[in-house]
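Hey, can you work out the whole structure from these sequences and the hints?
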Amino acid sequence: MPTVAPDTSETLDLAALYDRHGARLFGYARLLTRSAQGAEDAVQDAFVRLAQRGDLEGVHDVERYLFRTVRNEALRQLGRWARWRARNELVGEFRLQESTDPTAGAERRERAQRIERALAELPAPQREVVVLKVWHELTFEAIGEVLDVSPNTAASRYRYGAQKLREVLDRDA
Amino acid sequence: MELRGFAPEAPPAELRERVLAACAAEARSGGWGAIGLYLLAIAAVLFFARAVNLEIAARAEAAFGTTHREPQDGSLRLAPAAEGLRRRALSQLHTTSERG
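Residue numbers (the working numbering), protein chains in the order written: chain W, 1 to 173; chain P, 1001 to 1100.
The hints are simulated quantities; they were obtained by calculation from the structure and are not laboratory data. Some clues are possibly wrong.
To be verified - Below 25 Å or equal to it, Euclidean Cα-Cα: the simulated SDA-like pairs (lysine to any residue) are:
hint: 1; chain 1: W; residue 1: K164; chain 2: W; residue 2: E110
hint: 2; chain 1: W; residue 1: K164; chain 2: P; residue 2: G1005
hint: 3; chain 1: W; residue 1: K164; chain 2: P; residue 2: E1002
hint: 4; chain 1: W; residue 1: K164; chain 2: W; residue 2: D148
hint: 5; chain 1: W; residue 1: K164; chain 2: P; residue 2: A1007
hint: 6; chain 1: W; residue 1: K164; chain 2: W; residue 2: P123
Said to hold, decoys possible - Non-contacting residues of chain W with respect to chain P, defined by C-beta distances greater than 12 Å in every case (computed):
hint: 7; residue: D61
hint: 8; residue: V62
hint: 9; residue: R68
hint: 10; residue: N72
hint: 11; residue: L75
hint: 12; residue: L78
hint: 13; residue: A106
hint: 14; residue: A120
hint: 15; residue: E121
hint: 16; residue: A124
hint: 17; residue: E141
hint: 18; residue: G144
hint: 19; residue: P151
hint: 20; residue: A155
hint: 21; residue: S156
hint: 22; residue: R159
Built from N, CA and C at the ideal position, the CB exists for glycine as well.
Given below as structure tokens:
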């Protein structure tokens, strides 16, 4: 996994940060906001917040900071009440590139859709952790920081989620 | 099934330009925007303070009659008729207080 040393200089290289993290942040925001437009807005708002800061002083891991900011922006989009009332309802469906890619083969598209359907059967907190772990390659410690839970809780959610995902995929195989 | 072999939905290509343009606009206007907001807040507080002050003066005049400022020291005084009423009320209060 690529690691980025915190950039505490006055001129923050936002273009480099976007090139390194933008696509993954969009994928995560897409999971949370349930729409491509909402995901674009969440990513843009996260980077604007970074621009407002002007530097990354005090940020020890820029990747975690960005994922957490995108999550907060997605929550903000859903309204303040969502922070408390619908935390578990926040997570939507995870979309894979291959399922909508017309250039992908029919078999690959079908497999991608099977994964999406299997993920949709997971409880939302497990789905979020599985996506962050498998597709965004965050550590349990990083996931805990993004979701504001302990690393043990993140690991536990992943364990149950991965097990159920395997069962659903085997069942539908 | 190898899950990592499948990629998450990619962002549209134009998102990069949109994000960087928004950040550049923020960098241009961010500082002045905050200062403008601060000045606006101060102006609003001063405006409401003056409105409250005028309201208090209006109510005082309605209750006690016209007020005027003493030319010597600038202090606010009631009109003579109202001043008499005030003194009478104070003496009543004093008497009541002495009686217990």
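Hint check results:
no.: 1; hint: K164(W) x E110(W); verdict: holds, 20 Å
no.: 2; hint: K164(W) x G1005(P); verdict: holds, 19 Å
no.: 3; hint: K164(W) x E1002(P); verdict: holds, 15 Å
no.: 4; hint: K164(W) x D148(W); verdict: holds, 23 Å
no.: 5; hint: K164(W) x A1007(P); verdict: holds, 21 Å
no.: 6; hint: K164(W) x P123(W); verdict: holds, 10 Å
no.: 7; hint: D61; verdict: holds, 21 Å
no.: 8; hint: V62; verdict: holds, 15 Å
no.: 9; hint: R68; verdict: holds, 17 Å
no.: 10; hint: N72; verdict: holds, 17 Å
no.: 11; hint: L75; verdict: holds, 19 Å
no.: 12; hint: L78; verdict: holds, 19 Å
no.: 13; hint: A106; verdict: holds, 15 Å
no.: 14; hint: A120; verdict: holds, 14 Å
no.: 15; hint: E121; verdict: holds, 15 Å
no.: 16; hint: A124; verdict: holds, 17 Å
no.: 17; hint: E141; verdict: holds, 20 Å
no.: 18; hint: G144; verdict: holds, 21 Å
no.: 19; hint: P151; verdict: holds, 21 Å
no.: 20; hint: A155; verdict: holds, 18 Å
no.: 21; hint: S156; verdict: holds, 19 Å
no.: 22; hint: R159; verdict: holds, 15 Å
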